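**Q** Let chain A serve as the given structure and place chains B, C and D on it in line with the hints.
Protein chains in written order, with UniProt numbering: chain A, 1 to 488; chain B, 1 to 488; chain C, 1 to 488; chain D, 1 to 488.
Mixed in with the good hints, there may be bad ones.
Unchecked claim - Within a straight-line C-alpha distance of at most 27 Å, the following computed DSS-like cross-link-like pairs (lysine-lysine) qualify:
{"#": "1", "chain 1": "D", "residue 1": "K286", "chain 2": "D", "residue 2": "K385"}
{"#": "2", "chain 1": "C", "residue 1": "K385", "chain 2": "C", "residue 2": "K286"}
{"#": "3", "chain 1": "B", "residue 1": "K157", "chain 2": "A", "residue 2": "K157"}
{"#": "4", "chain 1": "D", "residue 1": "K385", "chain 2": "C", "residue 2": "K157"}
{"#": "5", "chain 1": "C", "residue 1": "K157", "chain 2": "C", "residue 2": "K170"}
{"#": "6", "chain 1": "B", "residue 1": "K243", "chain 2": "B", "residue 2": "K157"}
Stated by the list, open to error - Reference excerpt, derived from the structure (chain A facing chain D, CB under 10 Å, subset only):
{"#": "7", "residue": "L67"}
{"#": "8", "residue": "A75"}
{"#": "9", "residue": "R345"}
Unchecked claim - In silico contact screen, one side only, chain A against chain D (beta carbon under 10 Å); selected entries:
{"#": "10", "residue": "R28"}
{"#": "11", "residue": "L32"}
{"#": "12", "residue": "S236"}
{"#": "13", "residue": "A353"}
No wet-lab data here; the hints were simulated from the structure.
All figures in this text were calculated on a predicted structure; none of them were measured in a lab.
Just so it is clear, CB atoms sit at the ideal spot from N, CA and C, and this is done for glycine as well.
Number of protein chains: 4
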Amino acid sequence: MTLPSLTYDAATDRPREECGVFGVRGARDAVLLTALGLHALQHRGQESCGVATHDGARFYTERHMGLVGENFAGADTAARLPGTASIGHVRYSTQGATVLRNVQPLYADVRGGGMAVAHNGNLTNSRSLRDELVANGAIFQSTSDTEVILQLAAQSKRAKSAQRFLDSLKQIEGAFALVALVNDKLIGARDPHGIRPLIIGDLDGANVLASETCALDMIGASFVREVEPGEAVIFSEDGIESKRFAPEHRARPCAFEYIYFARPDSVIGGISVYETRKAMGRRLYKDAPAEVDVIVPVPDSGVPAALGYAEAAGVPFDLGIIRGHFAGRTFIQPTQAKRDLGVRRKHSANAAALRGKRVLLVDDSIVRGTTSRKIVQMVRDAGAKEVHFRSACPPITHPDFYGIDMPMRQELISSSMNTEEIARTLGADSLGFLSLDGLYEAILGEARDEERPQLSDHYFTGTYPTRLRDHDSALSDKDRQLSFLVEA
Amino acid sequence: MTLPSLTYDAATDRPREECGVFGVRGARDAVLLTALGLHALQHRGQESCGVATHDGARFYTERHMGLVGENFAGADTAARLPGTASIGHVRYSTQGATVLRNVQPLYADVRGGGMAVAHNGNLTNSRSLRDELVANGAIFQSTSDTEVILQLAAQSKRAKSAQRFLDSLKQIEGAFALVALVNDKLIGARDPHGIRPLIIGDLDGANVLASETCALDMIGASFVREVEPGEAVIFSEDGIESKRFAPEHRARPCAFEYIYFARPDSVIGGISVYETRKAMGRRLYKDAPAEVDVIVPVPDSGVPAALGYAEAAGVPFDLGIIRGHFAGRTFIQPTQAKRDLGVRRKHSANAAALRGKRVLLVDDSIVRGTTSRKIVQMVRDAGAKEVHFRSACPPITHPDFYGIDMPMRQELISSSMNTEEIARTLGADSLGFLSLDGLYEAILGEARDEERPQLSDHYFTGTYPTRLRDHDSALSDKDRQLSFLVEA
Amino acid sequence: MTLPSLTYDAATDRPREECGVFGVRGARDAVLLTALGLHALQHRGQESCGVATHDGARFYTERHMGLVGENFAGADTAARLPGTASIGHVRYSTQGATVLRNVQPLYADVRGGGMAVAHNGNLTNSRSLRDELVANGAIFQSTSDTEVILQLAAQSKRAKSAQRFLDSLKQIEGAFALVALVNDKLIGARDPHGIRPLIIGDLDGANVLASETCALDMIGASFVREVEPGEAVIFSEDGIESKRFAPEHRARPCAFEYIYFARPDSVIGGISVYETRKAMGRRLYKDAPAEVDVIVPVPDSGVPAALGYAEAAGVPFDLGIIRGHFAGRTFIQPTQAKRDLGVRRKHSANAAALRGKRVLLVDDSIVRGTTSRKIVQMVRDAGAKEVHFRSACPPITHPDFYGIDMPMRQELISSSMNTEEIARTLGADSLGFLSLDGLYEAILGEARDEERPQLSDHYFTGTYPTRLRDHDSALSDKDRQLSFLVEA
Amino acid sequence: MTLPSLTYDAATDRPREECGVFGVRGARDAVLLTALGLHALQHRGQESCGVATHDGARFYTERHMGLVGENFAGADTAARLPGTASIGHVRYSTQGATVLRNVQPLYADVRGGGMAVAHNGNLTNSRSLRDELVANGAIFQSTSDTEVILQLAAQSKRAKSAQRFLDSLKQIEGAFALVALVNDKLIGARDPHGIRPLIIGDLDGANVLASETCALDMIGASFVREVEPGEAVIFSEDGIESKRFAPEHRARPCAFEYIYFARPDSVIGGISVYETRKAMGRRLYKDAPAEVDVIVPVPDSGVPAALGYAEAAGVPFDLGIIRGHFAGRTFIQPTQAKRDLGVRRKHSANAAALRGKRVLLVDDSIVRGTTSRKIVQMVRDAGAKEVHFRSACPPITHPDFYGIDMPMRQELISSSMNTEEIARTLGADSLGFLSLDGLYEAILGEARDEERPQLSDHYFTGTYPTRLRDHDSALSDKDRQLSFLVEA
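Chain A with its partners taken away, still in its complex shape (with noise of 0.2 Å):
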């Protein structure tokens, strides 16, 4: 679906990635290295995990609410899931209910045998896509707008089956990195921006595809290359085949990947995660400097950052936050207890870091300011003589439509205040943000070009790298409904 959804992490204020994918063709038992896989880039998707495999004859499948290890770490596994061609998915976690019709991979039988896809990202065109398959007969299972794509293959008139998937990519608009297995072929393609990551390994001989590099380390492969914009990788016995169903574009990875999503042992585009957060730390120093007594970092995720930005500060690094392994679902607050329980319950003070101080805070990223505000609230109760904050990325004013679950434009604190207002709002003494060169020169090591940015960064600059036609389309028809089924 192409607006952003209310599935939102507002207990942390944090984006959510909507998925990872992974793929394997050639080797025994592929659904235990896809369960490896998928286990490594569990990060990107908690809610619900998928598997399918095919054994050279058969489809087999199988679609789980919650974890991969909870799900395909079992002994029996690979003998439910039988092949040794095998693609998984992990999806973003819910609070609501779920509806497991939507949980990928999904599959199709098609003409001449059955076509199973696993999709990061999120089409712009799929509403009237899917108008114009529904009119043309077409059943939909599900609201998913990766089925979309299988009903396109399955109404093109190609000869071959996976000439029908490649007939599906060109009309479909959007972010996509999918992993599809079509009969006994293994397929992997990435939109023609690359918004989102797709790589390729190599496990002797056996043909992987993953979001990310930390999903090769897991099981030890080796990384091959990355999946061109525009492109679609074929392993079948006849060899790897590259295909092209765009023109070429230079890359324009989303900018977020490096800021938040992406684990920071992955490299991206030949970059390492880490060392570019740690970048950003020290160019946030340059962009907002403070004079302060410790550097606190706001686990997890802006820990490298906050060793970036005390390195460039000659400040001490220290951990006065300490992050709950735990979290869970929200509890019921006591009417004895004082003060918010939200956050306490995934993080807490560290007193002896904190006392006396004048502590800066860094995080990755503001959202919509509220859990930064009771963090603020939190440190500063423990006894910190001045509490600074700043945030490892420019401030967010734009919506994402491509796979990443923010809030509404009006929701993004950003959008509607100045630094000063935010600082207000959080309760700061000083508050910084990174600046947008700042960003491209910690990723890229480069400016931004103005004419062709060579990052997705809409977030800070509302410039999209697609059209939105969905969008443009449904501004006033937001919620019109895909199916007239309530399921419960």
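**A** Showing chains B, C and D alone in chain A's frame:
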């Protein structure tokens, strides 16, 4: 699917009804009436149950394994499934893994709204139609032949949803009693031969559809009439409309509804099932008399015929076999246990009524003869001096292709043995069957019309009421798979 | 607990048996025989079931809610519960919350080993004993009176475990049929009046204990004898030992075992339950004749008496009421449904057998009369010209304290109304009961010995076979709690 | 049980805390505060959790496998577990089958009311006491040594429940921090040596007990004082009473609370755990310096010591190892996956911070060395030039008998190897440990008192604070079973 499945109830050697259907429109909390109606039809299927409702704008559906009372009797049922129109379905029981995606009603979003269908019967050209639909780009969610109906409707070019649904009915062959919700319309339809039953009822102005009259009795509705063969009745806010989708035929109902499937207190075609069964018993005495001391029914289905037989014979009726009410699944056979436990788990001999007597057992039918043999032995073990066996229907020599779960021809004991041989196999002192004439007379009070038989009696005659398109073309291709997906 | 609980089956207005017990020693995979034996006794309790086994060194136990076939029929049953000795228990069904800690067999580690006990009946001095035990330092795990037996044994100073168990039996009062595993010994014991049944069987040298003979039939074991009132039989590697723990008494079995509880194919005290019930029906005709067209049983328990009545009256027997086999839980009553659905959910009128006739209904008993009233109405609604009602036992005027779940005295319709008033309440054209003399003659073939009644017949006479110690002392203290713990 | 169990966390090679306890009295919906307090103590045990409440008249209790947030965060928690007094317990995690009957708090009905107890620690004379109790007629429900406390209290002849509870405390030996509800009283008690922590807090007049101060912070309660060694504090409507059940001793807290178990933001004995750990790191540098490029903690427990070490060494601190947040259960190892996955499932190397560097790893301790070896290898595989390893506590040479789940002596790597041998085993370029003096100085700022050590430091010294009665007598009888029952 068109071919007899493996789910025939080998444990009791009884054929199984595939399904029961129910629908209601114009009543508050329609789902509650549906739940009760399905409960009254539970004898027609115990494997799974499902309902769909429509609240004027949206559809709600739930499908579950297990009994109606386990799934739709809870206090929150009406809240979970709101609306004034509802359909429901019960389905037969299998031992093996069941595929929830085949449980009915099936629902589809189609152009112009939603469509939910529940189906009792079996299509004899569903494979052929499915092949064409898939070639045309349709993606099937299930292997159920019911989905063919939905896909045909989705691909129809007619303007209105109800018209598209009727378009679909014109293309399908075989046996079907359907209830459907097409947006806010409730539709009932019966195949051109009226093989499976479907009746119309009225509950204070609300329209009701059901497989049997016992479902009307359960909710206090009155009987209006049967849906005609080849007729679709459409209940909407504009009233009731009757549409023919096939030329007029005399109904040719399935003889087994009278013999075994229908609940004894139901009335089919104006004829009491219970009285018919007693009449079969009376006629059975004429067809196959015996000099015995006591008439003992094989419970529960043999009871009415045994009462009729006893009455005609002037011999006492007694409960020489007790039926256990907690049959459940098969227990592991202990090494110490002598004799077969399979039958004892469900039936036990009441020695007090059998010892030293010449016993005549009456059962509704003999399919493979396996259970009958065990029962004869059990009765003999309990001290009976003689054990005679009578079947209240003619010898079953041919399989069914209209939704009855019966073994393949080679397993039907009467297809390869004559009465004497079967008697020997069962270990019975004598064996007798109701004659085909006797069957017609007991049910209809008239002889069989050899030109145009008044019943679907292919079980006994091999004369099928329709062509068997899939079957004829698929004889050499029996297990061609419908899906490449192997589901857990 | 000694006081009638709230779990009486108000929906059918029938009393409920508390439990059935089974034990076996000296057989491979003893648990499999126990599972089958309990399955045959399932009519004595459907709420919960449990087994304990002993493998020569250790005990294994499992206790579950639900039916035996749902819990102990799986292929891994013997592996989960190994051993050559086993006992088991089935327990009545309740609507409300159930406390698993009360499910039997109860197990305790005691000095010198382990002890598992399953109990059918009810102790009438358990509260008094419990108070003493707690004062002495005992910690009770349950509120079950069965635990009193274990705690008494644990506190006994006798040297051997079996002796300590017998010590315990000397102190308890009331009705009890016990099976126990005391280390590797299997023990069966029956209260001094033999109120609840317990029999000994043999299966190729393995020793068997069971509540009823139908459990022996199930596993193919032969009947040896009944356990005597006040006798404990001990099966061990040293053979069979019989110990008296109370002076010899003539057995005084519960009349309701014959009337309703026991399975019709069981034999109690050498008397066929089925034949007894038919004899009650024949005698009922003498005690309460009527001029009618058809005799209709209230299924299933009224069937044998109705057959007897019909035979004596020379009037046809017919199935005017059909029993539903899928009763399950209570459905929500739709606002549209006319009339009471409670009874229709379980029974339906078979109009074909009733219309225009003078109908005589035979039921085994009338407790509160609520269901009888609905059945009379349902039969009249179905077109019966007259509806007469007969109870195959005398008027029930007094409650039970020996393990039968029956309502309090004030709810027993016969405790406050005479036959004519009850007939009016039921809406019956006439009403009749079996006489007390008739009951004795049908069961025993002899008159009641007024000095020393041969049956526990307090239901009809108020003459209890034992003192009611807890009840007498607790009348002013009915709901004194046994535990301070409220369990979910 | 007194002997180290098999539940030691072999996957991470870290000892495990047995439990955490919490109690509160005088607060509305006490269970909600208990749930939050236990959530803050979740690091002390993740296997199971339980609470008991008292509403002035009755007790309520629930015990579950899993996390607090999974079981006691729901909206109905307060309704399920009402009352103004509550205690709770969290317990360590095991891989194998768990026995719910051992989950705490344990509850017992005793003379004069109810008693619920939650226990952190381990009794060293529980077997001896259990034997005596069983000989005296006690029936144990569990194999937990906590039940010994209840049984002793039940058998005490003292008049009042609280007195009986104190009677019990006088007889037990070992380590224990107990919270109990004895009718409406809340009691906290700590063993004579104060081995396990227990503190008193206040929340607007409500009395609180908890294992650590972080639980007070969570609910906003203030710290009052520690419970003294050998002291029982009784909170009732009469106020607070302090009772000694053992002569005064100086507390001798477990050193491992400071080293590893306690949450870093807790304060024990007036000392910040976090500061202590940093001090250990600083001192570790003195005890075992190295010339390296980067200090890398083994996350998460090695972080504070690594910060201290880096600070003292003047070498950069960096996150060279990333901790996965979704460890979950062990995955099946695919045949293709190279190298050991066990460690990669939980940790991954951050090559960007390691490549080409001389790396010094700091961990809190080395137990068996198995995980340390894998981590060294992983860091080397990621490109480190040198890998040095430092343990922030002295060599562990002796097992624990006070509730810490640690391997037997022969598995402790430091019990059989010297530093050089261990370094070789780990594959480290150098290895160093904190000295025992360094430990005392970092924690207490003073040297070890050799006569009367200020800490329970037997791990490093073999000097146990109490006699080990069961252990001494049971050495030849290690696995004597506590129960004859084998539970599923």
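**Q** Go through the numbered hints given earlier and state which of them the structure violates, listing their numbers in rising order.
**A** The structure conflicts with hints 4 and 12, although it agrees with all the remaining ones.
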